[in-house]
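Under UniProt numbering, the sequence shown has 985 at position 985, and the numbering climbs by one with no breaks.
Calculated from the structure, these hints are not laboratory results. Hints may contain errors.
Unchecked claim - EDC-like mimics (lysine to aspartate or glutamate), calculated; alpha carbons at most 16 angstroms apart, straight line:
1. K928 to D917
2. K692 to E616
3. K864 to D917
4. K497 to E475
5. K286 to E304
6. K692 to D618
7. K864 to E795
8. K238 to E222
9. K159 to D145
10. K361 to D395
11. K497 to E473
12. K864 to D920
13. K520 to E468
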Amino acid sequence: MSFGNRFFASLFLGITISRFSRCNQVVLLDTTSVLGELGWKTYPINGWDAITEMDEHNRPIHTFQVCNVMEPNQNNWLRSNWISRQAAQKIYVELRFTLRDCNSIPWVSGTCKETFNLFYHEMDEAHGVKFKPSQYTKIDTIAADESFTQMDLGDRILKLNTEVREVGPMTKKGFYLAFQDIGACIALVSVRVYYKKCPFTLMNLASFPDTVPRVDSSSLVEVRGACIDHAEERDTPKLFCGADGDWLVPLGRCVCSIGYEEIDGSCVACRPGFYKAYAGNIKCSKCPPHSLSYGEGASICRCEKGFYRAEKDPPTMACTRPPSPPRNLMFNMNDTCLMLEWSPPSDTGGRRDLTYNVQCKRCGPAPNQCQLCEDELRFLPRPLGLTNATVTVTDFSSHANYTFEIESLNGVSDLSSFPRQVAAITVSTDQGGPSLVGAIKKDWASPNSIALSWQQPEETTLPIIDYEVKYYEKEQEQLSYSSTRTRAPSVIVSGLKPATWYVFNVRTRTAGGYSAYSPKYEYQTTGDSSDIASDQGQVLVIVTAAVGGFTLLVILTLFLLITGRCQWYFKAKMTSEDKRRTDYQNGHVPFPGIKTYVDPDTYEDPTQAIHEFTKEIDPSRIRIERVIGAGEFGEVCSGRLRTPGKKEIAVAIKTLKGGYVERQRRDFLREASIMGQFDHPNIIRLEGVVTKSRPVMIVVEYMENGSLDSFLRQHDGHFTVIQLVGMLRGIASGMKYLSDMGYVHRDLAARNILVNSNLVCKVSDFGLSRVLEDDPEAAYTTTGGKIPIRWTAPEAIAYRKFSSASDAWSYGIVMWEVMSYGERPYWEMSNQDVILSIEEGYRLPAPMGCPVALHQLMLHCWQKERNHRPKFVDIVSFLDKLIRNPSSLLPLVEDLQSLPESPAEDMDYPMFVSVGDWLDSIKMSQYKSNFMAAGFNTLDSVARMSIEDVRRIGVELIGHQRRIVSSVQTLQFQLLHEQEKGFHV
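Please work from the sequences and hints to get the whole structure.
In structure tokens, the structure reads:
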């Protein structure tokens, strides 16, 4: 053993070698895991010493030591065995060693070194030729970060150094490592050689194989994933393998197939009794009513016996059955028509597509002498496919018995094998009615007229009142007809076309009704064809000239109107937009103290809006701390923002994920250019943006309690009513600010309200004008994007008419969410059921513990007529009154509904904030100025009005007087009821 090596030999017994591995590393060599001898070569033979000791777990520790510091000109080499590189393009060499400080070794000259050199040599296979240092390529000179001294030896403390070096690109199948000592006192404790890979992983329901990164650290390897079992591609799943063996930038995804749901990263079959009809990351649903599934992985639930699902019914719809027959079938007959009326069936089968068919039978004296009614009967509007429970029958005959059968049908009636039940009624027209007239004769004809006569009936039990003559052009086949009446048994039918065949028939009318029509007779008008042609030509010329002149006049008028209107519109549009933008840029606003919202889409260059309404932040001032969620465009993080001269503040950072296209970047920053225009304590505050470096970021104030809906669900029942009203007041104040600026939110919901540590609620998420992607609240797609159905006003769903009034509707839903502590509006109803229910007048009931005043405000926000909904300024004012008078919040809806003297219908009156609202609700808004001029400007004063007061203020129409007085009495009752319960509007 050479000088100095004795300083190591007795100390390595106390060294503990940590053995570890990383999942993204493939180890080619680890000397700590080799059980036998390493067999490495040394040159010269007495240079490096190999020492093998056992650690505390009885595993070998292979070390190589050299300390020939007393002799100058050292050149000691240690060479490893041949190492296969496998799939590596770049390898990493990790060295763990100790090195002694030359100054701590006595009697050492200046030849002592504190470094050694690392070399490598590539070969396709191991070779036995003599070691030639000149063939090896130097990797690096290795120096120690920490060296030990004589004192450390005395205390048996050795300081291990760890150094890692990269080698590559590798081109041959394997390589040798070599270590050169030039006069250091060093112990090589372990050598670990590995390369990095991106390991097999599962992400977004796709599997990605082991992938070796490229040598170039700036380029990524794109890897396409394969969907796991029972999953299918929605967008091509991709990951990118980074140089450090980390997966980056996930794109695309797989979704669970029909009949399977995602659970813990796997697609699991739906349980019996559940189903999933569509591929996607949605959960299996419980079978709809009257249906069930027996096995696992059901894509649809089968209907129970006697229940059916129509071809166009979605799988989510409950199974239904045919309706029962109509009820209470009645008729009412006069001398001209028969009206049939009935009540809807007691059981509609669970469907809304209810229709009725009417079948008529004409019966003789014997019961079996019935046949379908002939074509002389007419049904108004029609006999089949009726949607209303009534039909009118005309052209029936006297002295006849008619049996009418009414059947109810719905969308599954044709699927049932059971015979349909009908409601039947028999009607007799034997009321001593008139008999048929005799043959109809043509007395004379002209080009435009025909004279007819006929014989009177020989026997009539009642006197004939008159005759009805029905006629029509033969070519029209009775698609349309005309009729005339006469008291004499003759008539001159005029207004006919020359040389045209007409069909005539006649019937009589007595006090007992109409007779049947006589047989049909055909007669033709006459006239000289040349005269007719001449007359027609003259008429045609005159008519053509008149029509042409009139048409030209109309076209010129419309052209002038449209041209002028379009010029005015575009001029006004351009002037308005340019003026708003210029005013904003110059700091001028159209109304003192109120800014006007400028739509970023009006800019030709969207980046101009970003520059005008936001400020750029140096990314070095931002410190990202943790990921708190995922947004539409990327991750959402929390962090800190450092501003020179100001205190560091907490912020939320929205990032734009990599691989974006310019349109996504523009849409991402569009929200910032909107937020940058707002400055209100109840609107989320924009701190700035990062656009000049990656990633692109939007920085906003940090709201500690997150979204309002999640916050309320986590603290169910923890707040007082006043605290909840305070939250609602803050939201309304923010919406009033937006409304005053002319901005329509379109997506007001509790999930888009953020709450800070002081319970201040702030409106956020100004991006609905973008096309929404996977909205968790199941949006209903219409032209122009997706709409959150449960929060959206009817006119916005049907016609995309968004306004502050539609925001007021959404605010009413937010009120309901707050008072129910984040419950889902309309619970588990489907979107289509929500739409239909609202159209039919259904409104959400009051949540438990909801004050009457707040539910009345909700109902006021849900008025079908958008002009009848309260303005946000009125909502803020009303909530302020409630906060100042807490006793008005004491009456609860469930308390009043349980009182026998307070039936539920008493509380159905709309809540009026002003006299104008009250007049609007009774459609008497034209008298607003009359009421104001007469001093009736409060509801209390209106409730004391008499009929004389109504006349005195200028209401002259008797019908209007009665409507106002009746509504005043209703208002008196409401105000009296509210005062008794401590509720003051």
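Each hint tested on the structure:
1. K928 to D917: holds, 10 angstroms
2. K692 to E616: holds, 8 angstroms
3. K864 to D917: With a Cα-Cα distance of about 14 angstroms, the restraint between K864 and D917 holds, given a limit of 16 angstroms.
4. K497 to E475: holds, 12 angstroms
5. K286 to E304: Between K286 and E304 the Cα gap is close to 15 angstroms, so the pair holds against 16 angstroms.
6. K692 to D618: holds, 9 angstroms
7. K864 to E795: holds, 9 angstroms
8. K238 to E222: This hinted pair holds, its Cα atoms lying about 7 angstroms apart.
9. K159 to D145: The given pair, whose Cα atoms are some 9 angstroms apart, holds under the 16 angstroms limit.
10. K361 to D395: holds, 14 angstroms
11. K497 to E473: Holds, at about 9 angstroms.
12. K864 to D920: Given that 16 angstroms is the threshold and the Cα spacing comes to 13 angstroms, the pair holds.
13. K520 to E468: holds, 13 angstroms
The structure fails none of the hints (numbered hints given earlier).
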